[in-house]
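Trainee: Spelled out, the chains give:
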Amino acid sequence: MRRKTTLWVNLAIVGIAVLLAAGPAAAQVKIRFQTWHWNEKPVFFALEAFQQEFNKANPGIEVVRDDSRYADKETVYIAQSQAKAAADIAHFLHRAIPLLAERGYLMDLTPFIEREGGQKFLAQWDQNALETCKYKGKIYCLNDYVNPLALLYNTQHFKEAGLDPNKPPTNPAELLDVAKKLTRAGRYGMGLIGSRQEGLFMRFNPFFWGAGAEYLTPDNKRSALDTPEALEGFRFYVELFTKHKVVPPGVIEQGAQEVRTQIALEKVSMEVGVIQAPLIYAAINPNMKVNEVMAAAAIPSGKKRVSTVEYGMRVISAFTKHPEEAWKVYKAWVSKDVQLRNFKIYGVMSARLDVKNSPEIANHKFAKIFAAQAPYGKIEPLIPEWPKIGDATITAVQEGFSGVKTPEQALKDLHIATNRALGSQ
Amino acid sequence: MRSGRTWHDRHLGYLFVLPATLMLVAVLIFPAFLTLKFSVTPEGGSGWNLTLIHYQNAFRDPVLLQTFKNTFSFVAWSLVGHFVLGLGLAMALNQALPGQTFFRLVALIPWTIPDVVAGIIFRWFLNPVSGAMNPLIRTFIPSFPADFSWLSNPTLAFPSVIFANVWRGYPLVMVMLLAGLMAIPRELYEAAEVDGAGRLKQFFHVTLPGLSTIILIALALDMVWEFRRFALVLTMTGGGPGTLTEVLSTLVYKTYFQFFTFEYASAMAILMSVVLFILSLPYIILVGRER
Chain F
0 MRRKTTLWVN
10 LAIVGIAVLL
20 AAGPAAAQVK
30 IRFQTWHWNE
40 KPVFFALEAF
50 QQEFNKANPG
60 IEVVRDDSRY
70 ADKETVYIAQ
80 SQAKAAADIA
90 HFLHRAIPLL
100 AERGYLMDLT
110 PFIEREGGQK
120 FLAQWDQNAL
130 ETCKYKGKIY
140 CLNDYVNPLA
150 LLYNTQHFKE
160 AGLDPNKPPT
170 NPAELLDVAK
180 KLTRAGRYGM
190 GLIGSRQEGL
200 FMRFNPFFWG
210 AGAEYLTPDN
220 KRSALDTPEA
230 LEGFRFYVEL
240 FTKHKVVPPG
250 VIEQGAQEVR
260 TQIALEKVSM
270 EVGVIQAPLI
280 YAAINPNMKV
290 NEVMAAAAIP
300 SGKKRVSTVE
310 YGMRVISAFT
320 KHPEEAWKVY
330 KAWVSKDVQL
340 RNFKIYGVMS
350 ARLDVKNSPE
360 IANHKFAKIF
370 AAQAPYGKIE
380 PLIPEWPKIG
390 DATITAVQEG
400 FSGVKTPEQA
410 LKDLHIATNR
420 ALGSQ
Chain H
0 MRSGRTWHDR
10 HLGYLFVLPA
20 TLMLVAVLIF
30 PAFLTLKFSV
40 TPEGGSGWNL
50 TLIHYQNAFR
60 DPVLLQTFKN
70 TFSFVAWSLV
80 GHFVLGLGLA
90 MALNQALPGQ
100 TFFRLVALIP
110 WTIPDVVAGI
120 IFRWFLNPVS
130 GAMNPLIRTF
140 IPSFPADFSW
150 LSNPTLAFPS
160 VIFANVWRGY
170 PLVMVMLLAG
180 LMAIPRELYE
190 AAEVDGAGRL
200 KQFFHVTLPG
210 LSTIILIALA
220 LDMVWEFRRF
230 ALVLTMTGGG
240 PGTLTEVLST
250 LVYKTYFQFF
260 TFEYASAMAI
270 LMSVVLFILS
280 LPYIILVGRE
290 R
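Going down the list, the protein sequences come from chains F and H.
If you read the first sequence in numbering that gives the first Met the number 0, its first letter stands for residue 0, the second for the next number, and so on.
If you read the second sequence in numbering that gives the first Met the number 0, its first letter stands for residue 0, the second for the next number, and so on.
For the record, the hints were derived by calculation from the structure and aren't laboratory data.
Warning: the hint list may mix true and false statements.
[What the hints assert, rightly or not] Pairs of lysine-lysine residues, derived as DSBU-like cross-links and limited to a Cα-Cα distance of at most 35 Å, are as follows:
(1) F:Lys-411 / H:Lys-68
(2) F:Lys-133 / H:Lys-36
(3) H:Lys-36 / F:Lys-404
(4) H:Lys-68 / F:Lys-220
(5) F:Lys-137 / H:Lys-68
(6) H:Lys-68 / F:Lys-244
(7) F:Lys-83 / H:Lys-36
(8) H:Lys-68 / F:Lys-72
(9) F:Lys-242 / H:Lys-68
(10) F:Lys-72 / H:Lys-36
(11) F:Lys-220 / H:Lys-200
(12) F:Lys-135 / H:Lys-36
(13) F:Lys-288 / F:Lys-303
(14) F:Lys-320 / H:Lys-36
[Stated by the list, open to error] Taking CB as the label site, the calculated pair distances span:
(15) H:Val-26 / F:Gly-211: 51 to 59 Å
(16) F:Thr-405 / H:Val-115: 29 to 37 Å
(17) F:Gln-155 / H:Val-26: 53 to 61 Å
This structure is a prediction, so every number in the text was calculated from the model and none was measured.
Think of the CB as a built atom: it goes at the ideal place given N, C-alpha and C, for glycine as much as any other residue.
Looking at chain H on its own, in the form it has when it is part of the complex (with noise of 0.2 Å):
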């Protein structure tokens, strides 16, 4: 069989691969590599004098490990808030319904908005004096302060962040449950319901397992989506109060082109990649395992 196949068969394939492979390299391998070297390099230094410094620093960083805290809690809530509503949204739209076409596009809506612009409208729709919010919750309790503060409130700040973002980024968890959802085959709901299984017992002996690998792969995505998420927080509360909204882009992005520390952000930013390589280790393997 080999000796069929001539040496220009052999290697033609990885000619076709080569535009590819030197744009990965420009866009993602050299930029990363410069970052790695900036992330060992002195500050203010060139060249080929390296330190460990910036690695040391950021370990000793009170505002880096509260950041990481934060951005834990931050994707912690992000993903439970997505799955609830993503899987109870996507369980209603997978139901015969009249208009149900409509009704996705309808639950797709949010994750068509950009970022900046969510940010900037759950801005002013939390402020307490031009924003709808409060007028909103006033109509159904009228003894609702009128001047409540929702961003700079350090209890309710954080959490105002993780609703906005719930809200953004629901429907592509949801997408995903959905398209597993109708992947079931109907068959199984139809023993089940003749072995005498109810509803709940249904969701979870039928739906749950049926969606266990879909579910996995959408909150690994969604979990290494949120660990970026940066426009929205910058733009509602820019980390404040405080530092109670930071998280580790926007802290990332304040070092490098705020603060001019370029080597001490690049540290930072190595340091959130190795954290999100092990995060998204479970969607690699599960992925290698599918294949």
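Next comes chain F alone, as it looks inside the complex (with noise of 0.2 Å):
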């Protein structure tokens, strides 16, 4: 009977500590912040700047560290939100926000934005990159960054080939023309992608759609592939490897990654690439002086002046249980000391107006050069076939590099693929 007593008294005790232990926890509210970042430096060193930043400024709210992959960032999204238990605030890029919108996994940020002054408010963001955050007439997110790609290259490789590095390739035509040239003792002219990752689109887009080619009718209810233009960029690209030979190979094995580091190695000249490249470069070969050695230039796109973008953004979960907190967190994010400080760290350009034309910027040896792209950025089409589509354009662009099928057949293909995702057959 004593043992029976005692035993409810330790039960109690540890029960109350553990009340009054909980006590003050319970008052602050988490809001999850999840991206891919948090593993990566040096983003993680701005995220870590932000958290902690935030954290003291704000004592009832915790911004907590929420992890996901780049690769399957959608795929813990969807699981997560099919729970409803979702991060408060998740990380993305401009090709999910429609799925998810269509979904119902996001939070429509329109009250947010009224009382925060509506148009007034959001006149202060890129508008090309704010069309990516909207969806049937709400607005889901607030770009934070906006990734123009431009064409990178080895200034001394070029020396060392005979050809002036102040006069990069303008055309299609003088960049086959420069990489044959490049390509010489070991070292290839051109890196490209051709593995199955959305950094293939970012590369092959500018000289599809430079060539005048469109994935779509204007309406987004049939496939445009079937034109001249489209088999004209789509050879130029797939040929690169396949006819001119200036592409490293085993192409379709090579990511983004794989390709800047084949430039950090020297083994590649030129790339299509993101700000943050030279910065990465800089990562894996610290002995490579980036800054003098690699310049940037606009995309030799074509007929057609063409970059293609990347928006990056953070959404507000439908199934958060602390909207106004997130808010405020999403707030902080995306304010001008927030997102100028991003650009310092990592070298990231910000949809913010007042950031993306800072001094900061307009003085960046390599900033300069890809915010002068941004007005030429193009995105792929914002409808919830496009990943499907996406896939089939992969699955056409490695069958033209691998030769189980010629450029021509690849693309008629890749046409009756899409008019098959659109259900337009």
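Dock the two chains into a complex; use the hints.
Mentor: Structure, rendered in structure tokens:
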């Protein structure tokens, strides 16, 4: 009997202690901030600085780290959303927005934006970028970065090949000519992405769109891949590898990081890359004097001047239990100070106009070139069927690269697959 | 006899299996039911407005049909590889040799390596620029091209993935066959030897009949597992070049998590489960008979 009483007393003490310990924490709202960048330096430093600064300034709210991986960020978020347990704030690229919005996983930010001043508040952002946040009349995000692509090239290799480093190629024919001259002594002129990842579109699309091609008809109802322009752009990209052999072997196995590694190790002289690439080259090969050796230029895209662009954004989950607190964190993340600091730490260009047009970017060797590409930025059709069409595009490019099909046949099959995905066959 | 047992005695067993049953319902039956329901729900729909459109689409989908063919081919060649390598090594490791335990452990190593890691290892190993395969071949055949592409080659990509899968998966078959070999009585071999049977005859008339049940069980289990192989293919090729190495599990994954067409992916998953069930019937029957 006495033993039983002692047990109950002990349990009560432990219970009270747990309640006391949990008391202050219960008052603290935790906002899960999900991104694949938590494990990536130097981005991590920017996240950590934001987290510490915000938590210190807002005692009632705690920003907590929530990891995802780049390759399966959507997978994780969908699974969590289906369980109504998604992170309060999550990081995506523009392609995912229509799909997640269509499924009802994202919070409509319109009421918060109205409270902040509506159109006047939104006017602070790059309006092209903001379009990627809108879906069926609602706004689901405010872009925090815009990532236009440019041609990055090794000026030293240009000199060694007898080329003028101040005259980068300005059209596909010149690009091919330069790439041929740079392909020498175990080195290749151009690095291309052929593996199954989003980065492929970023490199393929400028040449495809530059030739005057489009994926879909203007109403987004049918494939527009049966045009001579589409074949011209498709063939140019594929034949850089198959016919002209200015691309390293195993192109289908090359992702963005592999190509950056080849540039950093000076096995490849040129690539179409992102603004952060020079920092990555330097991290891979600290002996490479990146700022001196590398230069950036507009992508020599063809008849039309086009750059691909990637828009990054955070979203608030439709299932968050703390929408007000989540918005507070969100607003802080897209504030001018935080965005400018992000540029300084990891070279990413903000979609906020006051940061994008700041002296810090205007005077930066690489950033100013990339910023100048933004007005020519173009993105794939923002429709829920895009992932399927995009996957079929990668399949077609890989079939072209590997010689399974001729470029003509691969494109013809892509045209059929696109119409099938759109349900218009 | 029966009258001696109380209600409590007769029903206590059910109580004991209840937690496991509830767990099974929660993690297996409920998700399976949801998948089945998804597969007959119109895209983006909910409730009980059901349709068979996704199954109709599945039978007309050339990518799915190609993927079924790829999967059968992948499973068949993997099974052949696992069996040949597994049996060969099991017989070698069944010999009374010095260091037998050490070699048995070494032979098990590929089984301990996760699929993703094995995929990354082989992807690097076969890389034409930075991989080890080409330099290794060139040490024996100097004229072999230094930049030979394995995974980008439409003829060799699929065999390369199967090669990696054979390496990764043979230990399971090997262990099962080794256990079977150890259970064959020595006297049978001695009697065969007395009757004048050579090594080859002993293999066909003693070893193989002695292992027949184990071989069937090992291959049936292996077939089911290989049918579901996912991470190795995804990390090595992502299904490429094109769709040449696409298998069912990677296609279902892509359709669900990348194309966001949950309903169609669910229909594919159900079709895959039906095929898997049919393929595992021999195993189920065999195990039933053994009991």
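Trainee: Decide, hint by hint, whether the structure agrees.
Mentor: For each hint, the structure was consulted:
With a C-alpha separation of about 23 Å, the suggested pairing of Lys-411 of chain F with Lys-68 of chain H holds against the 35 Å cut-off. Under the criterion of a C-alpha separation no larger than 35 Å, the hint pairing Lys-133 of chain F with Lys-36 of chain H is consistent with the structure, at around 31 Å. Between Lys-36 of chain H and Lys-404 of chain F the alpha-carbon distance is near 39 Å, which puts this suggested pair outside the 35 Å criterion. Using a Cα cut-off of 35 Å, the hinted pair Lys-68 of chain H and Lys-220 of chain F holds, with the two alpha carbons roughly 32 Å apart.
For the hint pairing Lys-137 of chain F with Lys-68 of chain H, the CA-to-CA distance comes to about 44 Å; that exceeds 35 Å, so the pair is violated. Taking the CA atoms of Lys-68 of chain H and Lys-244 of chain F, the gap is near 33 Å; set against the 35 Å cutoff, the hint holds. For a cut-off of 35 Å, the pair hint linking Lys-83 of chain F to Lys-36 of chain H stands: about 19 Å separates their Cα positions. Using a Cα cut-off of 35 Å, the hinted pair Lys-68 of chain H and Lys-72 of chain F holds, with the two alpha carbons roughly 30 Å apart.
Between the alpha carbons of Lys-242 of chain F and Lys-68 of chain H the distance comes to roughly 31 Å, so the proposed pair stays at or under 35 Å and holds. Restraint check for Lys-72 of chain F and Lys-36 of chain H: satisfied, since their Cα atoms lie roughly 26 Å apart, inside the 35 Å limit. For a cut-off of 35 Å, the pair hint linking Lys-220 of chain F to Lys-200 of chain H is broken: about 68 Å separates their Cα positions. Distance hint between Lys-135 of chain F and Lys-36 of chain H is fulfilled; the C-alpha atoms sit about 28 Å from each other, no more than 35 Å.
Between Lys-288 of chain F and Lys-303 of chain F the alpha-carbon distance is near 33 Å, which keeps this suggested pair within the 35 Å criterion. A distance of roughly 29 Å separates the Cα atoms of Lys-320 of chain F and Lys-36 of chain H; the hinted pair therefore holds under the 35 Å criterion. Evaluation of the 51 to 59 Å hint for Val-26 of chain H and Gly-211 of chain F yields a pass: the beta carbon distance comes to about 53 Å. Checked against the given bound of 29 to 37 Å, the beta carbons of Thr-405 of chain F and Val-115 of chain H, roughly 35 Å apart, stay inside it.
Our hint of 53 to 61 Å for Gln-155 of chain F and Val-26 of chain H holds, since their Cβ atoms are close to 58 Å apart.
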